[in-house]
Amino acid sequence: MKKNFALILSFVLLAFTACNSDDDQHSDVAVAFAEASYNLTNDATPVQIKFSKAAPVAGTITLDITETAVAYNTDYTTSPAGASKKVVVPFAQGATSVEFTFNKIKNATGTEVKNVVFTISGTSLGAQISGNKTIQLNFNEAASLGTALAAEVGGPLQPNQVYVDLSSGKMTTAIRNSWDLGFYSGTDFRVVLNSSVKMAAKQLTTINIDEVQVADETMIISQGTGIASQIDDPTGDITKTTIAAVSATDADNKVYLLYLGNKPAATAPVLGKEGAVGGDARGWKKIRVLRSGSDYKVQYADIAATTHEEIVISKNSAYNFTFLSLIDKKVVNVEPQKNQWDINFTTFTNIIPGATPTPYFYPDFVNSNLNGNAKAYQVLTSAFTYDAFTLANVDNTKFTADQRNIGSNWRGTSVTGADGIPVSQFVLRTDRFFVIKDPAGNVYKLRFTGGAKADLERGHPTFQYALLK
Amino acid sequence: MQIYKFYLEQIKIVIYLQSYSDSIKIMKIKITLFIAVLFCQSSFAQQDSIASKEKLSEVVVTGQLEPQSIKKSVFNVRVISKEDIKQLAANNLSDVLNQYLNITVQNSGSDGRSTVSMFGLDSQYFKILVDNIPLVSDTGMGTNVDLTQVNLDDVERIEIIEGSMGVTHGANAVSGILNIITKKGGPHKWDISATVQEETVGNEYSLSDKGRHIQSAKVGHNFNDNWFINVGGNHNNFEGFYDDKQGKDYSVNDGLRGYSWLPKEQWVGNATLGYQKTNFKIFYKFDYYGENVDYYSPIAIPQDNYPFPETYFSRDKRYLTNRFYHHLNANGKLFSKLNYNVSMSHQKQERDAELFDYQLETKEESNNNRFTYQSKEVLYSTGTLSNFFNNKKVDFQLGYEITNENGFYSGAAGTFLDNVLQSVDVRKRLENYDIFTVAEISLSDKFSIRPGLRYSIQTAFKDQYASSLGVRYLFKKGLEARASLGKSYRTPNFDELYTYFVDSNHNVQGNANLVPENSTSYEVSFKRLCNFKSGAQVANNVAVTFLDVDDRIDMVLTQITPSKYKYININKYKMWNISTTEQFAYKNWNLKIGAALVGISQKLDLAELNITSDDKYLYSIQLNSSVSYNIPKWNTLFALYYKYNGQQQQFAAGTDGNGNAEFYLNEIKPYSWMDASVRKNFFNNQFEVTVGARNLFNVTDVQITQGGGGSTGGAHGGGVSAMMLGYGRSYFLKLTYNLNFN
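Residue numbers (my numbering), protein chains in the order written: chain A, 247 to 715; chain B, 357 to 1098.
Heads up, a few of these hints could be off.
Keeping only pairs whose Cα atoms sit at most 25 Å apart, straight-line, the calculated SDA-like set for lysine to any residue is [claimed, not checked]: (1) B:LYS920 / A:LYS699; (2) B:LYS539 / B:SER562; (3) A:LYS509 / B:LYS930; (4) A:LYS699 / B:ASN724; (5) A:LYS699 / B:GLU717; (6) B:LYS604 / A:THR695; (7) B:LYS704 / B:LEU629; (8) B:LYS802 / B:SER823; (9) B:LYS930 / B:SER823.
Since the hints were made in silico from the structure, they are not lab data.
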């Protein structure tokens, strides 16, 4: 009996100890560098390593050093100090991140390529190493290896246009309601409409800007209404604007009736919906655009007016366009320089093809900088996974001349529910990613990681990208 | 195509255009068959003893001045007996109605509700009553009832009258009424029973998380000759039907997360306390119903966790329903002459929605947010007074009905937005005060006439009235003939009245000026009961019905540029139906065969789009039959139920390749239901074991071929969609323990 009892007891103990080792969750923790690359600007730069959850015990992380045209103590040091191409970074129990300091001693000069790559080679607690296993610190200016960004389009009303430069990780925000017309800086004399507020333009027969005009409601772009020929070609082809090329012969430049579209709604819509065009109408204008040497001369007025105002707009070749607000009667800043952005988060008036093509308004749109020569295409994960996709997989023939190659393809707004009735909700398409070639020729893979907040509020896109090698 | 998709995202305008059809050729054959069956019997008919006659004759109450034999009823009353319910091991109404002629049970995978459709008209046109008073639902009083929410544990029988019954049953009794008669007391001093029922859901079953698990118990007790009480409880746990879906812990964003049929857990508790004495009966019935339906979204939402891999969560929800039902009824004689019957009832059904985030890695819920989704609270009273004259030839009933409904829709339950697109809740009180009168004049023993009239004072709509006329004639040799005319009306629902969604892209509006849809039905029916010397009984029933519903409400385009959609009274519906049932009883055999041919004509008007649908009659056939065989020696009963639903056709609006509106003929493929069971009693009927199978033809979704099936059809390119009908062949085992003693 006693023997049996002892046997049972030992089984129970064994069971308990087995449980204890199950509870050992060290292997649940993952570590990674917060960024994949960084261009050093300051003398001392903190470098962060993140933990996927709080460290269960205190310990250390070991980093291996790979140098390109630099030497420890001559060009840089680290704190804690490194030795034999290794740095050991200690962390406390409960830490969710840890930093070490990189001290730059000697800058790169001229076209010198100098950098240090740190690689996480191990941790004292046996943590997984996932995500950014390495970080490259550049002494010279170098294209970003990739990061994660959140474009501040401003929530469900999407009031902002966000221009993203992948190679610098820089984003520029413009209020989309702040401008009406863009004047092309290239050799052509072309004028584009603000598609993000649903503008439309109709050529009139007159060349007299002071002739009184009336609103034409057929121009209004709404559910299934509007005229496709009255908006710019949605591919972004500058030779296919709805307003004809501005002629050197003034008599050829007709007056145009402009429908200025709608403002974003004044208040946020029901959670989960978007309200990008729910706002007041922006009114009507008439314009006539002429050439003035290598500049544009714009005549404009309210439609009922018998007089007009005039403004001269100069081309600036550093930019794709110069932007004019007819409402504020001045030139406004919208886009960054044409080689300093790759993709643009904006609302957009697209055209639904068919027997009668119809303008249709999209929130959550992403255009590529076609005029600046940035192009994109879509890859389905059934063909390549994001992680496995390399420069060798890039198909250059797919970089077509259409700014909408990302477009609204990255998200859906409903999925089919259990009985075939669509469930209306923002859906991130996780079965695809995009390849983007920037004006400098860097090729990135980019995937969207979200478009709505946890409470379903729309207009919060996030994405990650990585330089292809 | 894309316009259409986006459009669906923004506003759920689901236009159901329904009608059913089959070929004329089949119709002709059927009519010949009906007539042959009805008259072939007459030469064999002979009278027999009373005892055996009762086999196929029942006492009914629905639409009657007072309980009377089905033979005397002026209306053609159909009965689903306690035996049928037992043999189908039915736990709730949806388990039995699939076998009923002219009824289709419609199921939803997005909110878990199962509702009735009769003659192609949905559950808003069909009224469900319990002990003669309408049963509250999330959004209606007797209408739009989720059939799975009607438990059958304490049911004595179910009576169904097809056609417009506005005079006796008021609003929304358009296509018919179904009255559930509950048990009062019991044959013994103590009637105690407990049941356990296990079912597979299709081929899915496990004790813990698959299949259907039912436990119930009930007690009936007669304290003395005057007082009785019935108490019961039921727990029904339907674990959902996965089908090709992957359940709640699936984190791939490919639309497969969740369930094909939503898991649903139900609790029922009821008690009836009654007192009866000569010329006086009173009972109070309390009923509680609780339900939990879980909805798992097909969308897995990634959470950016850079530099680590994304985590996923889903925005899920559950619906929690509570229903409280109180009914006090008194009936008896006043001044030892007048018959009175008065019911007072308070009912409340509240459907809450609880939204929560389900983290797929940790399986934890967070951000739980519970709010009232829909609710309906009703104060109801109805009463009748009859037997005014000593004259047996004329009976006269005077009645009233008062309904005070307080309905609530949260902004999430419909498209109710204000001018700045904020969601608004809708709370409205609807009252109606009705008086009605029915006379039953017996010109002879054989010939009765029954005119009726109802006037309804409505607070929300124009006052309504309904009228009816019934005639019954008893021919020789057991042939009964009936004819009736009835009127009713359907009052507009909240969506139709209060929908509002107006912004620069949309203009979709409900319409507070809608008038109730009105219906008229006509029915002529013949019944014959023959008793043979051998003890065999044959009963036939042939009925021809015509139903007309006018001013039907639909959402249509009322202005093209800019587009405006509005609910208006616009469409027309006509239906005619010939149906027959034959019933044979001989020794231990019982056989029932029924057939119905339904022709539906709908005129669907797309208003400003300037087209209307073809209003030709589209025909469909339904057949049903049941066979039961009793082996007394073994205490065993075998039963088989079969129903065939012929191909149905309906016109549906779509758009052609040029974006123009067009009507297309959709076809629902034929399908069959078959249920079978064996019941055996042991130990002096103390133990009852029922083993059976539902849906032997393994029906799941039935295909709807759109736009004639060609690539030329419609915005959907003539695709194929599916309608949820069943979850495949399932098996059940039911064990009941009965303890009856005095």
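Outcome of the hint check:
1. B:LYS920 / A:LYS699: violated (32 Å)
2. B:LYS539 / B:SER562: Not satisfied, since the Cα-Cα distance of roughly 34 Å exceeds 25 Å.
3. A:LYS509 / B:LYS930: violated (48 Å)
4. A:LYS699 / B:ASN724: holds (16 Å)
5. A:LYS699 / B:GLU717: Cα-Cα ~19 Å, so holds.
6. B:LYS604 / A:THR695: holds (22 Å)
7. B:LYS704 / B:LEU629: holds (20 Å)
8. B:LYS802 / B:SER823: holds (23 Å)
9. B:LYS930 / B:SER823: holds (19 Å)
Checked against the numbered hints above, the structure violates hints 1, 2 and 3; every other hint is satisfied.
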